[in-house]
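Undergrad: If you read the protein sequences in the order shown, they are chains D and R. Each residue of the first sequence is one higher than the one before, starting from 1 at the first, in this note's numbering. Each residue of the second sequence is one higher than the one before, starting from 1 at the first, in this note's numbering.
Since the hints were made in silico from the structure, they are not lab data. Each hint should be verified, as a subset may be incorrect.
Every beta carbon over 12 Å from chain D, so not counted as near; a handful from chain R, in silico [what the hints assert, rightly or not]:
{"no.": "1", "residue": "Gly66"}
{"no.": "2", "residue": "Val90"}
{"no.": "3", "residue": "Gly156"}
{"no.": "4", "residue": "Gln157"}
{"no.": "5", "residue": "Leu165"}
{"no.": "6", "residue": "Ala169"}
{"no.": "7", "residue": "Ala182"}
{"no.": "8", "residue": "Ile237"}
{"no.": "9", "residue": "Ala241"}
Not close to chain R: a few residues of chain D, all C-beta gaps over 12 Å, as computed [said to hold, decoys possible]:
{"no.": "10", "residue": "Ile16"}
{"no.": "11", "residue": "Phe35"}
{"no.": "12", "residue": "Ala39"}
{"no.": "13", "residue": "Ala49"}
{"no.": "14", "residue": "Arg68"}
{"no.": "15", "residue": "Gly75"}
{"no.": "16", "residue": "Asp77"}
{"no.": "17", "residue": "Arg80"}
{"no.": "18", "residue": "Glu132"}
{"no.": "19", "residue": "Ala140"}
{"no.": "20", "residue": "Ala141"}
{"no.": "21", "residue": "Asn196"}
{"no.": "22", "residue": "Arg197"}
A short, non-exhaustive set of chain D residues, derived as facing chain R with CB atoms under 8 Å [to be verified]:
{"no.": "23", "residue": "Glu63"}
{"no.": "24", "residue": "Arg90"}
{"no.": "25", "residue": "Arg101"}
{"no.": "26", "residue": "Leu103"}
{"no.": "27", "residue": "Ala115"}
{"no.": "28", "residue": "Ala119"}
{"no.": "29", "residue": "Asp131"}
All C-beta atoms in this analysis are idealised placements derived from N, C-alpha and C, irrespective of residue type, glycine included.
Here is how the chains run, residue by residue.
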Amino acid sequence: MSRNLVVASEPAETRIDVRIAGVEVFNGAPARVSFTVEAGGMLALHGPAGAGKSRLIDLLSFEGRPARGAIEVLGADLARLSPEEKPAMRRRIGVMFQDERLLGDLSAADNVALAAMAADRRRKLFDAEIDEVLAWVGLAAKAVEPSWRLSVGERRRLCLARAMINRPDLLLADEPTAGLPEEAAHRVLRLIGEINRTGTTVIIATRDPGLATELGAKVVDLAGTAA
Amino acid sequence: MNDEGSAPERLRSPPGGEGAPWWLAVLATLAAVFLAVATIGGLAASRAAAELRPRLGGAMTVVVHGKGLESADAAAARAQEVIAAVSGVVGATPLEPDDHDAAIATLIAGRTESGEARLISVDTARSGGPSATALGAKLREARIDSRIDDHRGTGGQLERASLRLIAGAAITLAVALILIVAAAFAAAGAMIRRDHDRFDLMRRLGAREGFSAGVARRRVTLTVFIGAVGGLFVGIIAAVALGGRAATTLAISIEPFDALAAVIWPFVLAGAAALASEVGARGELRRLETRG
Chain D
1 MSRNLVVASE PAETRIDVRI AGVEVFNGAP ARVSFTVEAG GMLALHGPAG
51 AGKSRLIDLL SFEGRPARGA IEVLGADLAR LSPEEKPAMR RRIGVMFQDE
101 RLLGDLSAAD NVALAAMAAD RRRKLFDAEI DEVLAWVGLA AKAVEPSWRL
151 SVGERRRLCL ARAMINRPDL LLADEPTAGL PEEAAHRVLR LIGEINRTGT
201 TVIIATRDPG LATELGAKVV DLAGTAA
Chain R
1 MNDEGSAPER LRSPPGGEGA PWWLAVLATL AAVFLAVATI GGLAASRAAA
51 ELRPRLGGAM TVVVHGKGLE SADAAAARAQ EVIAAVSGVV GATPLEPDDH
101 DAAIATLIAG RTESGEARLI SVDTARSGGP SATALGAKLR EARIDSRIDD
151 HRGTGGQLER ASLRLIAGAA ITLAVALILI VAAAFAAAGA MIRRDHDRFD
201 LMRRLGAREG FSAGVARRRV TLTVFIGAVG GLFVGIIAAV ALGGRAATTL
251 AISIEPFDAL AAVIWPFVLA GAAALASEVG ARGELRRLET RG
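With the hints as constraints, model all of the structure from the sequences given.
TA: And the structure:
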C-alpha cells in the first residue's frame, strides 16, 4: 500500500529551506512523502518508531540518498550534491542525533568545540562562543565535566549546544525529548522554540503528538503508513 | 525516568581509541634500529676503507721475530737483505713499530704482536712480483722467523666490503620504507574503523575529508616518529657497542658524524608514514561516506 502525504503549500515570495517531493520511506509498506518548509518555519515529523522519521532526518542532513523522490535542502539538490560539496552543506545544518553521539571522554565544552573545529574554525575565535552557547543551554557550570557524567537532560541540552555552535540555517532534532522527564523535556523545547524565533528553520522528528502542539509546529504525520 | 540517570556505556570511548596501534611504534623502532646501525656501520666502514688504503702502501708486510740469540733488530736487518735480493722486489723498508697504530698492527698480523716483532714493508713490481709463498721460502732458507701478510688485494676487499655495507643499508631502507608505508596505511584505516563513532561524528558535523584524515595522519605520524626516535637511540648505542668491539679487529671506529647522519631516519620514516596514513585514512573515510 502506498500513501502520499502533502502537507504544505508553497506561497509565492516565500523562501523554501526544505523541499521533499515524493520521497519514499519504507516502514513496512512504501509511503511517498512530500512537504516543504519555509525559511524560519518549524515542522514536526510525527509517527511511531519505524515510521521513517529518522531516515528522513538522515536524508535531510545529506546522509544517503532516497530510493525515489527528490530532496532539496537550503537550495542544494541532494541528488546532484557531490561528496566534496557535502561538508560545506552539513555545516549549515545543526543536528540533534537521536542517539546523542556525544564523545564521553571529552568535556562538554570540547564536545561543542569539536563541531566548530570540524567546520574549520579556529579555537581561539570560537572559545567565547562556546561559553555563550553553554550558558544559553544552562551548562556553563558543567563546561569542563566529561559528557558521560552529565544527566540525560543535560546531555540533550549539550547536543543542542553542539548543533547550534556554527549558527546553522536549519536545525534537525531527532526525538529531542525522548526519555526525558517532563521538566527537562519542556526546557529543551523552550530552547528549540527560542532558536526558531531567531529565524532558524527547525524540523523535529517525534513520537510525541503533544510536542508539535507545544511548539506550534506544522505536522507531517507518518503514522498512517506505519507497519 | 530520572533526569540524573547514568550515561550509557556507548558514550564512553573505546579503549585505545586515542592513538595509533602499539605495533606501529614497535615496527618503527625496529626499522630505525636497523637503519641506524646500517648507516653508522656503512659510513664507518667507508671511512676505514678510505683511510686504510693509503696506509697499506706496500704490497706485503713481513713480520720478523728474533730467534735464539739473534735480536729482532738483527733478524730484521738480515730479512731486509734477503727480501731486497728477491727478484721482483723493488723495495724493502723496515718500519718502526711505533709508526703503526694498534689497529694496523692487529689487522696485518692477525694477533697482537710482542714488542720484539719488527715490520718490513715490501714493495713489489706491478707485474712479476714474488708471491708471499716464494718470499716466505727465501726467509725460511735464511732461518729467519717471519710471517708475511700479502695485502695487495686488501684495499679492494675493503672497498667491496664497504660497498656491501652500503648496499645492505639501501636494502634495509627499502624494506623499512615498504613496511612502514604498508603499516601506516593499514593503521590509519584500522584507527578510523576502531574509532568509528568519533570519525563518523566529525563527518556528520561537516568535517572535510582532509580534516578527519589529518587527525588519523597526525596520530600515525607521531607514533612512528616517537618509535623511530627510540629506535635511533637504540641503534646508535648498538652501533657504538658493535663498532667498538669490531675496532679491535677491523680498525673501524665510530665518529659523531656517523650518528648524526642516522638522525635523518626518524624524519624519513615519519614522512613516509604521514603520506601513507593520509591515503589510507582518506580511503576509509570515503567508504564511510558511501556507507552513510
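Undergrad: Run every hint past the structure and note whether it holds.
TA: A quick look at each hint next to the structure:
| no. | hint | result |
| --- | --- | --- |
| 1 | Gly66 | 81 Å, holds |
| 2 | Val90 | 79 Å, holds |
| 3 | Gly156 | 61 Å, holds |
| 4 | Gln157 | 61 Å, holds |
| 5 | Leu165 | 49 Å, holds |
| 6 | Ala169 | 42 Å, holds |
| 7 | Ala182 | 26 Å, holds |
| 8 | Ile237 | 37 Å, holds |
| 9 | Ala241 | 43 Å, holds |
| 10 | Ile16 | 22 Å, holds |
| 11 | Phe35 | 23 Å, holds |
| 12 | Ala39 | 20 Å, holds |
| 13 | Ala49 | 17 Å, holds |
| 14 | Arg68 | 19 Å, holds |
| 15 | Gly75 | 16 Å, holds |
| 16 | Asp77 | 18 Å, holds |
| 17 | Arg80 | 16 Å, holds |
| 18 | Glu132 | 19 Å, holds |
| 19 | Ala140 | 18 Å, holds |
| 20 | Ala141 | 15 Å, holds |
| 21 | Asn196 | 21 Å, holds |
| 22 | Arg197 | 24 Å, holds |
| 23 | Glu63 | 5 Å, holds |
| 24 | Arg90 | 4 Å, holds |
| 25 | Arg101 | 5 Å, holds |
| 26 | Leu103 | 6 Å, holds |
| 27 | Ala115 | 5 Å, holds |
| 28 | Ala119 | 5 Å, holds |
| 29 | Asp131 | 20 Å, violated |
In summary, the structure is inconsistent with hint 29 from the numbered list given earlier, while agreeing with all the others.
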